[in-house]
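**Student:** Please construct the entire structure, taking both the sequences and the accompanying hints into account.
The listed protein sequences derive, respectively, from chains A and B. Per this note's numbering, the first sequence runs over residues 38 to 173. Per this note's numbering, the second sequence runs over residues 10 to 635.
Worth flagging that the hints you see were computed from the coordinates, not collected in a lab. Glycine included, every Cβ here is placed at the ideal spot set by N, Cα and C. Possibly wrong hints are sitting among the right ones.
Claimed, not checked - With beta-carbon atoms standing in for the labels, derived distance ranges:
1) B/260 <-> A/142: 38 to 44 Å
2) A/62 <-> B/221: 35 to 41 Å
3) A/63 <-> B/211: 35 to 41 Å
4) B/510 <-> A/62: 50 to 56 Å
As a plain string of letters, each chain reads:
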Amino acid sequence: VSRSRTFAILDLAFAALHGWIGFAVAPSRAVAFQVALAIVIALELAAGVGLLVGARWARSVGIAMSVVLLAFAGVVLLLLVASAAYLRGVYGALGQGMAVLSLVAAALAVQLFALVPFFQLRFLLARSAAPAANAK
Amino acid sequence: MRRVLIAVAALYAIVFIVVARRASLPSFAPLSAVERDAVIERLRGRAPATQGAIGGATRRAILDRPLAGGGPVVATLWDRGEPIARVEGRGTTLALAVDDAASALARQSVDTTRRERARLKVDVVLARAPIATAPTALLALSVVPGMDGVGLAVDDREHLLLADDLLRDDLAAAYAPVRGMEFTLGLDGPAVLRRLVSDSGLDRAAFRRASKRWFRFRADSFIEPASPPSSQSVRATTPALPVVRGNTPGPSLSSEALKSAAIAGGDYLARHLRPDGQFDYEYWTARGQVAMAGYSIPRHAGATWYLAQIYRATGDPRFLDAAERAEAWLQEAHPPGCDGPRACIGEPGADVVDLGSAALALVAESELERAHPSESRRRFMQRLTDFVLAMQKPDGDFCHLYRPQTATRDEHTKMLYYSGEAAYALARLTALGPSFATPHLVEALDHALAYLTDRQYRPFALRFYFMEDHWTCMAVEAGWDALPTERRESYAKFCDQFVAFLGRTQFHEGDPIVDAQPDFAGAYGFSPLLPPHGTPVGSRSETTLSTYLLQKRRGLPEATLAATRRQIDDGLRFLLGHQIQDDSAYLMADPDAARGGFLMSDVARYVRIDFVQHACSAMLRAALLL
Numbered sequence: 038v039s040r041s042r043t044f045a046i047l048d049l050a051f052a053a054l055h056g057w058i059g060f061a062v063a064p065s066r067a068v069a070f071q072v073a074l075a076i077v078i079a080l081e082l083a084a085g086v087g088l089l090v091g092a093r094w095a096r097s098v099g100i101a102m103s104v105v106l107l108a109f110a111g112v113v114l115l116l117l118v119a120s121a122a123y124l125r126g127v128y129g130a131l132g133q134g135m136a137v138l139s140l141v142a143a144a145l146a147v148q149l150f151a152l153v154p155f156f157q158l159r160f161l162l163a164r165s166a167a168p169a170a171n172a173k
Numbered sequence: 010m011r012r013v014l015i016a017v018a019a020l021y022a023i024v025f026i027v028v029a030r031r032a033s034l035p036s037f038a039p040l041s042a043v044e045r046d047a048v049i050e051r052l053r054g055r056a057p058a059t060q061g062a063i064g065g066a067t068r069r070a071i072l073d074r075p076l077a078g079g080g081p082v083v084a085t086l087w088d089r090g091e092p093i094a095r096v097e098g099r100g101t102t103l104a105l106a107v108d109d110a111a112s113a114l115a116r117q118s119v120d121t122t123r124r125e126r127a128r129l130k131v132d133v134v135l136a137r138a139p140i141a142t143a144p145t146a147l148l149a150l151s152v153v154p155g156m157d158g159v160g161l162a163v164d165d166r167e168h169l170l171l172a173d174d175l176l177r178d179d180l181a182a183a184y185a186p187v188r189g190m191e192f193t194l195g196l197d198g199p200a201v202l203r204r205l206v207s208d209s210g211l212d213r214a215a216f217r218r219a220s221k222r223w224f225r226f227r228a229d230s231f232i233e234p235a236s237p238p239s240s241q242s243v244r245a246t247t248p249a250l251p252v253v254r255g256n257t258p259g260p261s262l263s264s265e266a267l268k269s270a271a272i273a274g275g276d277y278l279a280r281h282l283r284p285d286g287q288f289d290y291e292y293w294t295a296r297g298q299v300a301m302a303g304y305s306i307p308r309h310a311g312a313t314w315y316l317a318q319i320y321r322a323t324g325d326p327r328f329l330d331a332a333e334r335a336e337a338w339l340q341e342a343h344p345p346g347c348d349g350p351r352a353c354i355g356e357p358g359a360d361v362v363d364l365g366s367a368a369l370a371l372v373a374e375s376e377l378e379r380a381h382p383s384e385s386r387r388r389f390m391q392r393l394t395d396f397v398l399a400m401q402k403p404d405g406d407f408c409h410l411y412r413p414q415t416a417t418r419d420e421h422t423k424m425l426y427y428s429g430e431a432a433y434a435l436a437r438l439t440a441l442g443p444s445f446a447t448p449h450l451v452e453a454l455d456h457a458l459a460y461l462t463d464r465q466y467r468p469f470a471l472r473f474y475f476m477e478d479h480w481t482c483m484a485v486e487a488g489w490d491a492l493p494t495e496r497r498e499s500y501a502k503f504c505d506q507f508v509a510f511l512g513r514t515q516f517h518e519g520d521p522i523v524d525a526q527p528d529f530a531g532a533y534g535f536s537p538l539l540p541p542h543g544t545p546v547g548s549r550s551e552t553t554l555s556t557y558l559l560q561k562r563r564g565l566p567e568a569t570l571a572a573t574r575r576q577i578d579d580g581l582r583f584l585l586g587h588q589i590q591d592d593s594a595y596l597m598a599d600p601d602a603a604r605g606g607f608l609m610s611d612v613a614r615y616v617r618i619d620f621v622q623h624a625c626s627a628m629l630r631a632a633l634l635l
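**Tutor:** Pasting the structure below:
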């Protein structure tokens with residue numbers, strides 16, 4: 038299986054996962070968040086389908102999707118760091134339990150939003166301008 | 010890419026440092042005992058009683074410390090849980106702020122008798138820090154519950170809600186993060202904001218236009234000791250008591266203190282036993298209200314057991330009388346189908362009864378039988394025993410629910426605690442002589458313990474933690490002499506591991522969390538966000554006591570015994586410091602009714618019968634055994 042195809046399948050799988058979590062399991066009451074999520078999922082679907090069929094625009098869409106998701110993960114981690122810092126300021130030491138929970142939350146955010154986009158971005162940027170679908 | 014990652018990591022580090030510093034309270038030195046007494050004396054308009062002790066220094070000199078932000082010094086007269094007068098005094102030094110408050114207090118129109126009877130509480134505001142008012146979840150966690158107050162400055166005029174106000178009005182731990190669940194954590198932010206906006210006296214438009222600043226603040230808090238209404242002279246010579254989270258210091262750990270506390274708990278339960286033999290299930294201290302909703306029969310049985318325990322320890326007939334009245338209610342509590350050869354216990358109209366009610370009733374009855382033997386009780390106990398044994402499954406576990414009308418067991422539903430309670434009931438019976446300690450009963454106990462300590466933990470995921478097994482280890486200790494010697498050691502080893510696991514979740518002096526919140530010492534938990542609850546300390550202390558006894562019997566190394574003993578002692582200190590006593594009852598409408606009880610936590614201020622039972626049972630056993 039080519040790496041393009043692998044990333045395509047991962048993009049589609051994560052689009053489904055993000056849609057399921059964001060719209061079915063824990064839907065937000067904030068319309069802006071729902072709209073942003075819909076855009077992200079649309080980008081993932083487009084990148085996935087584009088890489089799968091070898092479309093000329095697939096590389097650009099894939100890069101855009103990766104950058105958006107990495108930025109999102111960065112903001113989520115920033116908010117986690119700021120929240121932990123705020124609680125540290127209010128309560129003093131947070132203890133082992135809270136530290137572990139914070140790490141778990143950060144690890145989850147990285148796995149859900151950053152890991153695949155990080156490697157996909159490296160892969161797409163490293164390639165020449167050749168069509169994404171031909172890459173092995 | 011590596012540079013980007015390093016830059017992001019540096020950004021996160023900077024954000025952490027800046028946010029943490031901004032949210033922290035500036036450090037401050039609390040008032041000394043001499044300063045506190047001098048403040049009280051000035052506010053009460055008395056001659057300084059401490060003058061001799063400080064070599065003739067004047068009160069003004071004692072209080073001549075700068076006051077950041079002008080204080081304020083807040084003085085409140087508390088009478089039966091009600092703030093009958095409150096004033097604020099401001100000044101650049103503590104002396105000036107206290108003078109200002111004293112003048113304002115003297116001007117308050119309060120009935121002289123009430124003024125003298127009320128207890129003067131002082132909060133000297135020493136530190137402030139900004140808080141985030143959005144999102145609501147962050148606001149909820151923006152104050153340390155019970156220690157911080159919340160303030161709003163509108164056009165530089167401050168309005169304060171003291172920690173006491175948040176505790177008394179149940180705002181300190183009332184935020185429900187998950188809709189539809191009872192679990193609450195942190196400040197009820199919207200209610201607090203509404204109240205402070207209302208205190209500002211501005212209409213909505215004016216409030217929107219005004220310059221605003223939200224903050225939390227920490228005060229050095231102290232109060233006059235409780236004393237009989239006519240004893241102002243006694244009060245005047247007794248030092249002011251420091252207050253942390255609505256608590257004044259408890260007695261030091263000693264066998265006598267534990268026994269007194271255990272008796273106070275027995276008095277609480279006896280006082281809250283109603284004429285029909287039921288207890289006041291929950292007692293809400295701020296307004297002296299009783300709630301009977303959700304009355305739990307297992308908890309009724311547990312409270313009855315404790316009354317029997319305290320009777321056996323003291324011989325005081327009041328406790329026997331109360332225990333027997335509660336027992337009589339228990340013996341009458343059953344639906345049709347529970348009155349045959351096997352006795353079960355439940356509401357008279359219930360379709361389903363549970364194992365826990367029968368098991369803990371059996372525990373209570375076994376204690377009463379040892380205190381005051383009776384043939385009719387033994388017959389009832391035999392029928393209860395037959396029911397508990399009939400609920401045991403082939404694997405040693407128990408069915409937890411039973412339909413008496415069809416005489417069928419629910420083979421699937423599992424409830425918390427019931428299997429352990431059943432094992433403990435069987436273990437207690439082994440001490441009652443051969444008529445109860447039959448080979449069949451001992452075999453059933455052995456089988457139950459094999460399940461509870463081993464078989465139920467066989468799934469891989471369950472091998473990383475423990476469930477609520479405090480009854481299990483109490484059962485191992487209670488049934489030790491009757492259990493087969495070749496198997497009981499493995500049960501005891503399980504308890505060693507269980508108690509060590511509990512120990513890893515206990516806060517000790519020297520822990521960073523305890524440095525920040527010293528009253529956490531001895532409690533169990535995993536974060537500083539949730540003020541500790543007394544009941545887990547009580548139940549964990551009960552099981553740790555049982556395990557300690559097992560360890561002594563088995564001759565375990567001194568280091569192991571010392572670690573377990575430290576766990577017990579820290580828990581007992583926590584319990585002694587959190588039992589309601591007259592000095593700590595200033596936020597309560599009826600201190601006489603609340604005395605001896607245990608709150609759910611310092612920020613959830615109601616007493617339930619099982620809170621008292623677990624805590625006092627641990628203290629009583631410790632007083633007698635340690």
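**Student:** Are the hints correct? Go through all of them and say.
**Tutor:** For each hint, the structure was consulted:
1. About 42 Å separates the C-beta atoms of residue 260 of chain B and residue 142 of chain A, a value consistent with the hinted range of 38 to 44 Å.
2. In this structure the supplied range 35 to 41 Å holds for residue 62 of chain A paired with residue 221 of chain B, their Cβ-Cβ distance being about 37 Å.
3. At about 38 Å, the CB distance of residue 63 of chain A to residue 211 of chain B agrees with the hint of 35 to 41 Å.
4. Between residue 510 of chain B and residue 62 of chain A the CB atoms are about 32 Å apart, so this pair departs from the stated range of 50 to 56 Å.
Going through the hint list in order, the structure does not satisfy hint 4, though it satisfies all others.
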